[in-house]
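A.B. asks: Keeping the supplied structure of chain A fixed, place chains B and C upon it in accordance with the hints.
Chains as they are written, first to last, in the working numbering: chain A, 1 to 248; chain B, 1 to 272; chain C, 1 to 292.
It is possible that some hints are incorrect.
In silico DSS-like links for lysine-lysine, alpha-carbon gap of 27 Å or less [as the list claims (entries may be wrong)]: (1) C:Lys126 x B:Lys203; (2) C:Lys165 x C:Lys141; (3) C:Lys105 x C:Lys221; (4) C:Lys126 x C:Lys105; (5) C:Lys148 x C:Lys165; (6) B:Lys203 x A:Lys189.
Don't read these hints as lab results, they were simulated from the structure.
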Amino acid sequence: MMTDYVIRSQNAVRRGVLSITFVGLLVLAWEVAARRNTGAATAIPPPSEISDIIARHHGLLLQQAASTGLECAVGFFVAVVCGILLGALIAYSTSVSAALYPHMVVFQIIPKIALAPLFIVWLGVGTQSRLAFTVFSAFFPIAIGTLTGLRTTPANVIDLCRATVAPHWRVFMAVRFPFALPHIFSGLKVAVTMALIGEIVGEFITAQIGLGYIIKFAASNMETALVFAAVVLLCAIGFQHRRLGLRH
Amino acid sequence: MSSATDRLEFRSGAVRTLWFSVGVATLRAVVLPVATGVAALIAWEWAVWALHIPQVVLPSPSLVVHSVVANAGLLGAHLVPTAMVTVVGFVLAMLLGTAIGIAIAASRLARDMVYPCVLAFQFVPKIALAPLFIVWFGMGLESRFAFSAFISFFPIAVAMTSGLEATDRRTLALCRSLNATPRRVLLHVRIPFAIPFLFAGMKIAITMAVIGTVVGEFISSRSGLGYLILNAASRMQTDLILAAIVVLCAVGLVLYGLIEAADQITSRRFRG
Amino acid sequence: MATGGHQQPRIRKISDLMNVVQRPKLAGVARSAKAKCDIALHDVSKTYVADGATVDAVERISVEIRSGEFVSILGPSGCGKSTLLMMVAGLETPTLGVVEVGGRKMTGPRFEIGVMFQDATLLPWKTALDNVLFPFAITGKSAVDHRKDAQVLLRRVGLDGFETKRPSHLSGGMRQRVALCRALITRPEVLLMDEPFSALDAITRDEMNVVLTNLWQEFQKTVVFVTHSIREAAFLSDRVLVMSQRPGRLLADLPIDITRPRHPAVGETPRFNEICGQLRQMISIAHGHAAG
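If we strip away everything but chain A, and leave its shape as in the complex, we get:
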């Protein structure tokens, strides 16, 4: 036990103050440098210009943000439902899990992003293809998390369940599923990020609507301030989704 040694907890406050100061100084330096050197202003626009753009085009930006956020959220939730269901189904049988688990791990490692154009071939350039690709991106971490969680219930718990004569589904709901929740949640965390990535890449290549499209479009016109504005909104969406996903 380290409780006998001095625990320096005043550092948390110090850390917070220091990092905020650091960030504040960075932002200030960024603003000053960008204003001084107009050449660099196109490369990294000053924060004031970014907020200016957000204010001026907030209607357009919010509209695109809504599209991105909605597609991403819907895709994520569909992935959650499908992922948990399929994961649970596979976990039911030892043989089936043994057969499919390596494949799922492989699917997790390969760059699924490369399949995005395939979805366009299949579903055209529109919401369906983007949605389907988002679901596809977010599905695997959830399914793997559910499968791992359900298959790695501690051995003594399993013995306890065997000792009772409760029916399978009851054991599942009362014991195995709660034990699987930490794994499922870590899968959800990964899936939220993957859903957003899938959505953004989908918007890059369908080039129709959404913040990803805005970013690509603005970049090709060298309007970096607009790019940054869209990125800021994307961060907000990502942050919100993370919080939702974690609270779920």
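C.D. replies: Chains B and C in isolation, oriented as in the chain A frame:
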């Protein structure tokens, strides 16, 4: 006398049971997934033929294989830039990420100031910054190098830092009692303890590097497997798309496998 | 080393405890000439802040330990005995009072003071021998001259043939033996041990006690040994300091007058059990003392 033969029979029976259970375990772990994969491919082939699915929508596995062989030259030519960008970006990320991780661990000030920023950056969907790198670095290979390095930097930096922080506090107390200098402790104790963490970060980083490369090629390139896939999609050459995807997945798996192999080799030494 | 044989007074109340503490020092020890490995604590207190609350870990402890003595600090969990040891080691500084080792005030850790913790804290990638030589590796000193010593030590603790094994191939008891060798390789004048055998099973623990006492018999260092096991304290030490519950105060200072060298059979003798009984009484008074 009979008890001796009984014992012998019992022992051979036990051995047989042991081999049987080992056989079943191998069956489960290896043969079953492979067989499932093969079965899936056969089902796919049959479905395309039986349901008359047009090759443009879903080519059969045999057609994909044929496409890989027929376009081997083309695929090889585009494989090179993709693999190169991925590897170079990853190596850059390794160098920078480990350096920053060590710097953060060595200096309290650096840690308090910089690390929260690195952590906060995880909320930024870095993929979205790909077009920005094109604005900054142009359409050439440099922007893809930079983006691939950028996107794989963070898992490594975070892994290195948390690995260096995770040294057992009793071990650190021991080092303090010996009046060891912080530099020595960092080099001889904290860095070796951090290596398993670093490998976990490297595995994430290599997958991110591949993704970053492909996305970079989607939006800006005239070469590379990502470009090839997008180009083939625009011409509805689905068999070429799948062929390129197969090659790309092979690249991803090989790179990941290399890191996993290195992890296995070193972990026996450093995890103890 | 104490060799007297007179009966200890029975402890019935706190004032009896006070009498025990105030016993005159053993005759024949020159107080003016402080030997190199004396440990002296003068009115030492330690207070720290944890999670917003002020904790009085140690309160006004004064004690003197002579060179070559084996002293145990016995007390319930959380009574501050580890904190006390860390102050002697120089890893903590007292809030009040002075800690002196070898006649000099402790201002920080010293290479010449050996420390051993509850967890062996061996480096998993080093062999047993390299782990023993770790103090030299980590301070940049040459280990070449000490290799032989390390091998001798490992042989002494019964690990002959295990020099090239990694910690993952060693049991808990073996790892603690390696840690013991590591603490001794620097030829410290003072050895501080913080419940080193608490994490081991009872049988291994008894083995380790025998190993330690045999080793100590040979090297005769000053040892301060923190434990919450009464039998362990009684078996190993010349003197047992009993601490109260937090805030840790020195309640008793009991000399153990069992002859040395001590063999495991000592644990069966009536004298040993009587001493354990006395210690047990003191501990229960310590518990009651905190509540009352």
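A.B. asks: Each hint should be assessed against the structure and marked as holding or not.
C.D. replies: Cross-check of the supplied hints:
1. C:Lys126 x B:Lys203: Between C:Lys126 and B:Lys203 the Cα gap is close to 26 Å, so the pair holds against 27 Å.
2. C:Lys165 x C:Lys141: holds, 23 Å
3. C:Lys105 x C:Lys221: holds, 20 Å
4. C:Lys126 x C:Lys105: Given pair C:Lys126, C:Lys105 is violated - Cα atoms ~35 Å apart, limit 27 Å.
5. C:Lys148 x C:Lys165: With a Cα-Cα distance of about 17 Å, the restraint between C:Lys148 and C:Lys165 holds, given a limit of 27 Å.
6. B:Lys203 x A:Lys189: At roughly 18 Å apart (the allowed maximum being 27 Å), A:Lys189 and B:Lys203 satisfy the hint.
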